[in-house]
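With this note's numbering applied, the sequence shown corresponds to residues 11 to 335, in that order.
Any given hint could turn out to be false.
Unchecked claim - Simulated pairs of lysine-lysine, BS3-like, Cα-Cα distance not exceeding 27 Å:
1) Lys43 to Lys67
2) Lys210 to Lys259
3) Lys95 to Lys121
4) Lys263 to Lys162
5) Lys332 to Lys305
6) Lys118 to Lys43
7) Lys107 to Lys76
8) Lys162 to Lys95
9) Lys118 to Lys45
10) Lys319 to Lys162
11) Lys121 to Lys76
12) Lys196 to Lys259
13) Lys95 to Lys107
14) Lys113 to Lys94
15) Lys196 to Lys43
16) Lys141 to Lys99
17) Lys210 to Lys113
18) Lys76 to Lys210
19) Lys162 to Lys99
20) Lys76 to Lys43
21) Lys45 to Lys319
22) Lys196 to Lys95
23) Lys45 to Lys99
24) Lys121 to Lys42
25) Lys67 to Lys46
26) Lys121 to Lys162
As the list claims (entries may be wrong) - Label-pair distances were calculated between CB atoms; the ranges are:
27) His182 to Asp316: 28 to 34 Å
28) Ala330 to Gly223: 40 to 46 Å
29) Met289 to Pro146: 37 to 43 Å
30) Pro41 to Ala156: 24 to 30 Å
31) Asp28 to Asn55: 38 to 44 Å
32) Thr307 to Pro146: 46 to 52 Å
33) Pro41 to Gln262: 39 to 45 Å
34) Asp316 to Ala21: 26 to 32 Å
35) Met289 to Thr22: 15 to 21 Å
36) Gln285 to Arg184: 42 to 48 Å
37) Gly64 to Lys113: 30 to 36 Å
Simulated from the structure, these hints should not be mistaken for lab results.
The beta-carbon is built from N, C-alpha and C at its ideal position, and this holds for glycine as well.
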Amino acid sequence: MGLCFLNTLQATQYFFRDFYSSDLERAIRLPKKLKKEIQTCTQLNTLPHYTETGERKADPCSAAFKRSATLAYDLALGFLVSGKKEYAKRAQEILNKWAQSLKVVGSKEAKNLINFYMPYMNMAYLFIRSKFPSPPFERFSRGVLAYARYHKDNNIGAWSVLFGVSGALVIHDRALLLEMARLWQKWILNAIDENGVMQKEIVRSNTANYNGGPTKGIKGIAYTHFALTPISVAGQLLAENGFDLWHTKAGQKLFKAYNKTAEWVLNPTTFPYYQPNLMGIHHNAYFLLLNQYFKSTAGQQAIEQDGFKGDRFRLQFNDALKAIK
């Protein structure tokens, strides 16, 4: 299988705290992002993402929340990388506007949206807090933690763990961070089987018949990536804050999932639900992060293919992650 673990005694690597990129500003057009306007809402009442025939276009408020979260993340990361205060100030404005405006998170899907996108806002704040603190955003972050769905053992649960980790760091809650370290391990041990497969993700379709129908599995690799991305980022944030769990039993199981998923990326015909139009195969930038701790021949070959899609954490621009060791 081509697996090996790195030395358990290696020093903690701070890929987020010390994020360095020589081309982030240019690559994601940060000066242009400074000029983007955002809208906020008082209520989130998100509808289900899927219909009987496909995907639903997000309502304006849900779309605005998603755009704002990833925009704030990009701008805050731009500040961390460049030191340019205009990026941090704009990120802070976006975070504060939502902190002041959003009052109601109504539907189940809206609560899911909070789990999926608050991690970007929380991490954005962590990038700028030392120079641009915001008590209103910290209060907001604390309040919306009530919507975390920690009990889920699917992709939602993985995002909830990252939501909890990033939220704990925002509000300086060490007890919550400790609980998230426990839940990180629990989620992996429950969600990933002994073969490195997440059975609840590989069956995903692209309709409201979530786990079946004529397109059963068409988004199985995409949803595998969608679950492994946040749990990998959460693992890194935990490591940077005193909880290095990479060499636990859960960490080893995560790395087995990485290797299995990399094999599918390299040869999609080996995926259990292979079909010609598999979606989201290359949403795998988190491979760059896991590659720093675990060596997988398939993983390294997949990384060498490049062409990462949907890399909202901008891992592909982190110079320390680019070099395959």
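**Prompt:** Hint by hint, which ones does the structure fall short of?
**Reply:** Hints 3, 6, 8, 9, 14, 15, 17, 19, 22, 24, 27, 30, 35 contradicted; others consistent.
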